[in-house]
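Asker: Given the coordinates of chain A, work out where chains B and C should sit on it, guided by the hints.
So you can see what is in the structure, the chains are spelled out below.
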Amino acid sequence: MRAIYQAFYRTSLAVQMQYRVAAIIWLLGTVLQPVIFLVVWSTVARAEGGSVGGYTVAGFAAYYITMMVVDHLTFDWHMWEYDYRVREGLLSPLLLKPVHPIHGDIADNLAYKSLTMLVVIPAAILLTLFFRPSFEAPLWAVLAFVPAIILAFLLRFLSAWTLAMASFWTTRIQALNQTFFVAELFFAGQIAPLDLLPAPLQLVANLLPFRWGLAYPVELFLGRLTPREAITGLAAQLIWLAITLVILRLVWRAGLRRYSAFGA
Amino acid sequence: MTEPAVHLDNLAKVYRVYEREAGLGAAVRSLVRRKSHDVRAVDGISFDVAPGEIVGFLGPNGAGKTTTLKMLSGLLHPTSGEVCVLGYEPYRRQREFLRNIALVMGQRNQLLWDIPAVDSFELNRVIYRLSRQQYQEMLDELVALLELEELIYKPVRNLSLGERMKCEIAGALLHRPRVLFLDEPTIGLDVTMQRRIRRFVGEYNRRYEATVLLTSHYMADVVALCERVVVIHHGRLLFDGALDALVERFAAHKTIVVDLPDGVRNGRAFAAYGEVLEERPGQVTLRVPKANAARVTGQLLADIDVLDLTIQDPPIEEVIETVFTQPDS
Amino acid sequence: MRQILRITYTFLRLGALNELEYRANFFIQSFQALLGLLVSLGGLQIVFNHTADLGGWQPAELLALVGVYQIVGGLINTVINPSMQRFMEDVRKGTLDFALTKPADAQLLVSVREFRIWRVADIFLGIAVLVVALVRLGERVGWQQASLFGLALLCGAAIVYSFWLILATFSFWFVRVENILVIFQSMYQAGRWPVGIYPQWLRITLTFIVPVAFAVTVPAEGLVGRLDLPALAQALGLAAALLLVSRFFWRFGLRAYSGASA
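Residue numbers (the numbering used here), protein chains in the order written: chain A, 37 to 300; chain B, 2 to 330; chain C, 627 to 888.
Read the hints as simulated data drawn from the structure, not as lab findings.
Bear in mind the structure is a predicted one, so any value in this text is a computation, not a measurement.
Hints may contain errors.
[Unchecked claim] The calculated lysine-lysine pairs, modelled on DSSO-like cross-linking and capped at a C-alpha distance of 27 Å, are:
1. A:K133 with B:K155
2. B:K155 with C:K719
3. A:K133 with A:K149
Pulled out of the complex, with its shape left as it was, chain A reads as follows (with noise of 0.2 Å):
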């Protein structure tokens, strides 16, 4: 298995260096819309005296410059691409080689990361330099952040690709997708970092599982979180990450019934 994601690994770098400019004008959209949301928060909290719900000017900066490269390491787009995919007809060659297309996809992904990453943290680095954040967190927590991250990645690599799996029942995903990625917006922290929710949306925000997947590691990399409430984030990505397993096996055997019985 190791052989095959390091040839996946290998073949998937070779060809994304093909599209290496659309990439580069990708990540410009990727750092900005961190930007504008920073550069808001900023504004509010210099009306309001200098900080609000807890977030300082520095503060703000520091949680969007971390945002902004959590989101990068996490994100997930298949969902277009099995809508690509199918509509092609490229699903098939896929599913008669013997190993399942969800290896080639998280290489895919290690792989975009690795090259992408070349871009994003200069960009952090330079936002570091323009908007001056304060990081003050504890070794712990530091150190916590690194199996959290982990955890980010495959809790949002398994929902978008369960999301993916809806291209096998309809080709208008447009709209499927962009609720899923509203939902993200404002409950994984990217409009407003959670605390400045309302507190009935911060309940809602805890129960659905966009938080973990994004919010959770970039306040535990700040050093906001207690100890306590690192552990019980830490549980609920398992807890996550156990139910989305369980959704997307079920979602992939239909898939792929209705995909045999309709057309390939």
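Answerer: Chains B and C in isolation, oriented as in the chain A frame:
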């Protein structure tokens, strides 16, 4: 008695198609109640293929050939009936099964588009768990047989259609599948390329005793490669046997080509002997019903000063067309 | 002029008829527009839970900004974006000839080629938001503001159109230009908020490099009475200049294209 490599028993694939008429009223009505009818893409096909056989599937578009191949390779789940390839049920898509088959579809890409074919091959090597030695041996052979030398180092998108097809076939055979499904492999290729691929498939079959199931529009593919033909129409099996037997059974006519000496005027009404297909200075081609062929030949020889006379079977394409235009009974 | 209107109307009608085939698209598109609005309004609401003033803008004024953002976004996505993308695709595939062999101005034909009628849902929603904002703003908005708004909006539309046309014209020479359009889409997101709050480097980028400011913020400023005449004059000047430059560049590109593909 060896196990057949491929076994089908009353295999069927039925699609439910929803009808939709034009107009706003129908659109609204279709929200509530949808009319549908069943399309029997494959309607009870049965046959066996022995290991090492090459079988040609013939049939017009929509006959059910590709659907059958997809069921044999596990991409489609049959509606009813049995299908068994190398002892496996294809739709269960077990690893061992997938490692022993290959499906090549004409004009469809399995290789990655942006990188050289050899990189895709390497990926396949790992996926199919081939040792470096096995892989290299097979690759060398395929490169030699298909004349791929520099082609595999160019990005696939830079190859012509024919070159791409050769690389696709090579990629599909690296793991030495025991059963090979070819769906219109020569479509869109020029004549030389078609011949080369045909030769290759025959060679692969000889060397590795692989079972080959081939669908094609081009009679030349089938004639060159297949001792056995299966004719499918409207999802049903119309004929299963040797190609000659097919012609024998379905050819209703014979073609008589008469060579005439120079100077003999073709004023004769050759139409009296049979249907005139072609009339040129020095040669006349007639089509006569099979039963009359001997009698007409005799008459021609008696009535005219003939240089040469040949009796031919009609071109196979014509025969097949006759088969296909049979009423659906 | 009548010819221009007639051609525009024809394509609009064709596009509409084409899209009406897919009735489901209307509901899907409306739903997506609502989602987009949800993001804008949700963000706004959360911000104003914590403050009464964002960079000098009051809630009602920002609501107007969101309305303008929706309307302009809808305008871009109904005609400009689809037509320009179609144009670039035609150049890439070599199927541009229909525009070159018709007895009408090629730029016009290319610009109104594709009309995604269901995107008007965006525009309607934007208008609805705008109306609510105007109600909240009350007497502060009179005829002067309305005309400033209208004028600034026209300038903004002209600037955005010319900007897209210039970018699209590059595809006569460079094949992979479509990626650049993605930049616009990303940067347009910044238009949800008044451009004034951004740091200077971003503000300049959003004004002169990717004209989001002129598309959204400036017309909104006009509506809520924040627009001064020098700024309006700037918008007018830039609009006129860009229209001319894009036209000239287009003709240049077209000549190169038809000369090259003999």
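Asker: Please go over all the hints and tell whether each is borne out by the structure.
Answerer: How the hints compare with the structure:
1. A:K133 with B:K155: 24 Å, holds
2. B:K155 with C:K719: At roughly 23 Å apart (the allowed maximum being 27 Å), C:K719 and B:K155 satisfy the hint.
3. A:K133 with A:K149: Satisfied, since the Cα-Cα distance of roughly 25 Å is no more than 27 Å.
Violation of the numbered hints given earlier is absent; every hint is satisfied by the structure.
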